[in-house]
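Heads up, the sequence shown is in this note's numbering, so the first residue is 1 and it goes up one at a time.
Read the hints as simulated data drawn from the structure, not as lab findings. This structure is a prediction, so every number in the text was calculated from the model and none was measured. There's no promise every hint is true.
Straight-line Cα separation of at most 25 Å, DSS-like style, residue types lysine-lysine; simulated pairs [what the hints assert, rightly or not]:
#, residue 1, residue 2
1, K58, K10
2, K142, K62
3, K12, K57
4, K12, K62
5, K46, K200
6, K131, K57
7, K84, K4
8, K180, K193
9, K200, K179
10, K66, K87
11, K4, K58
12, K87, K131
13, K62, K200
14, K200, K131
15, K4, K46
16, K46, K66
17, K4, K62
18, K142, K177
19, K57, K99
20, K84, K142
21, K57, K142
22, K131, K142
23, K180, K131
24, K99, K179
25, K99, K180
26, K87, K200
27, K62, K46
28, K46, K57
29, K177, K131
30, K200, K84
31, K179, K66
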Amino acid sequence: MQLKIHYVFKSKNIQDVWFESSWMNNHSIVTMIDEIERTGRVQELKVIDELGHEWSKKEFFKLNRKLNEEPDDITIFFDGGWMKEEKRAGIGFVIYYQKSGEHFRIRQNGQLDFLEDNNEAEYAALFEALKIIEEIGVHSKKISIRGDSQVVLNQLVGEWPCFEDHYNRWLDRIEEKIKKMQLILDVEVISRKDNVEAHKLASQALEQIPISSHKVI
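Could you put together the complete structure from these sequences and hints?
Spelled out as structure tokens, the structure:
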């Protein structure tokens, strides 16, 4: 979660001045509040997140204790593969996140039948990854989504139109999940080389090699 501080600086010689910090994480916000309050001239301090929520200093420190116990700095890598002859899909995704000062990685794959093409497999992989981050307690966060499917990611952010009914069904489910969790998305199309972990998991699913792990790294 990215946050910023908004406060009034009480000047001795000129009128009061409003200041607003740049975006930073909750740990930096704690340090910043301590430093500016040492001046003895700070009033009406509030903390604002990327969704526009506001907290007083007291409310923020209560929130911060909760934030330290929740997943943060979440990145999803996803991929899908499809065997036309068998109409069998393999999906794979990797999720990186931090919690309580530790770094975690989730790796998971799976098989799906009766999908129509590779792009639908990509959509399914992303949807399954979103289900997992919901299960680990992600809510009201900015998350990064990385994949090598231009179709899926450009349609997800609305840059490309979606005319295919089977894609729209996945888009509706994904958008509903994002709305439910109140997520802000940072989406980027990456190369296959940079998506090798998720691609390997999807390939292993097609080879009927199940993978499921969740560990500290």
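Evaluated hints:
1. Distance restraint check for K58 and K10: the Cα-Cα separation of roughly 20 Å lies within the 25 Å cut-off, and the hinted pair is therefore satisfied.
2. The suggested pairing of K142 with K62 holds, with an alpha-carbon distance near 20 Å, which does not exceed 25 Å.
3. For the given pair, K12 sits about 23 Å from K57 by alpha-carbon distance, which is consistent with the 25 Å threshold.
4. For the given pair, K12 sits about 32 Å from K62 by alpha-carbon distance, which is inconsistent with the 25 Å threshold.
5. Restraint check: the Cα-Cα separation between K46 and K200 comes to about 45 Å, which exceeds 25 Å; the hinted pair is violated.
6. Between the alpha carbons of K131 and K57 the distance comes to roughly 33 Å, so the proposed pair goes past 25 Å and is violated.
7. Taking the CA atoms of K84 and K4, the gap is near 49 Å; set against the 25 Å cutoff, the hint is violated.
8. Taking the CA atoms of K180 and K193, the gap is about 32 Å. The hint is violated against a cut of 25 Å.
9. Distance hint between K200 and K179 is unfulfilled; the C-alpha atoms sit about 30 Å from each other, more than 25 Å.
10. Simply put, K66 and K87 have alpha-carbon atoms about 45 Å apart, too far for the 25 Å limit, and the pair is violated.
11. With a C-alpha separation of about 15 Å, the suggested pairing of K4 with K58 holds against the 25 Å cut-off.
12. For the proposed pair K87 and K131, the alpha carbon gap of about 24 Å is at most 25 Å, so the pair holds.
13. Between K62 and K200 the CA atoms are separated by roughly 42 Å; this puts the pair beyond 25 Å, and the hint is violated.
14. A threshold of 25 Å between alpha carbons decides the hint, and for K200 with K131 the separation of about 20 Å falls inside it, so the pair holds.
15. In summary, the hint linking K4 to K46 is supported, as the alpha carbons are separated by about 9 Å, within the 25 Å threshold.
16. At most 25 Å may separate the alpha-carbon atoms for a hinted pair to count; K46 and K66 meet this at roughly 18 Å.
17. For a cut-off of 25 Å, the pair hint linking K4 to K62 stands: about 16 Å separates their Cα positions.
18. This hinted pair checks out: K142 and K177 have alpha carbons roughly 14 Å apart, not beyond 25 Å.
19. Taken as a hint, the K57 and K99 pair is honoured in the structure, with Cα atoms around 22 Å apart against an allowance of 25 Å.
20. At most 25 Å may separate the alpha-carbon atoms for a hinted pair to count; K84 and K142 exceed this at roughly 36 Å.
21. With a C-alpha separation of about 22 Å, the suggested pairing of K57 with K142 holds against the 25 Å cut-off.
22. The straight-line distance between the Cα atoms of K131 and K142 is roughly 16 Å, inside the 25 Å bound, and the hint therefore holds.
23. With a C-alpha separation of about 11 Å, the suggested pair K180 and K131 falls inside the 25 Å cut-off, and the hint holds.
24. Between K99 and K179 the alpha-carbon distance is near 23 Å, which keeps this suggested pair within the 25 Å criterion.
25. Among the hinted pairs, K99 with K180 is consistent with the structure: their alpha-carbon atoms are about 21 Å apart, no more than 25 Å.
26. Restraint check for K87 and K200: the C-alpha separation of about 19 Å stays at or below 25 Å, so the hint holds.
27. The straight-line distance between the Cα atoms of K62 and K46 is roughly 13 Å, inside the 25 Å bound, and the hint therefore holds.
28. For the hint linking K46 to K57, the alpha-carbon distance of about 6 Å falls within 25 Å, and the restraint holds.
29. Annotation: proposed proximity of K177 to K131 holds, straight-line Cα distance about 8 Å (limit 25 Å).
30. Restraint check for K200 and K84: satisfied, since their Cα atoms lie roughly 19 Å apart, inside the 25 Å limit.
31. Distance hint between K179 and K66 is fulfilled; the C-alpha atoms sit about 21 Å from each other, no more than 25 Å.
The structure does not agree with the numbered hints 4, 5, 6, 7, 8, 9, 10, 13, 20 stated previously, though it agrees with the rest.
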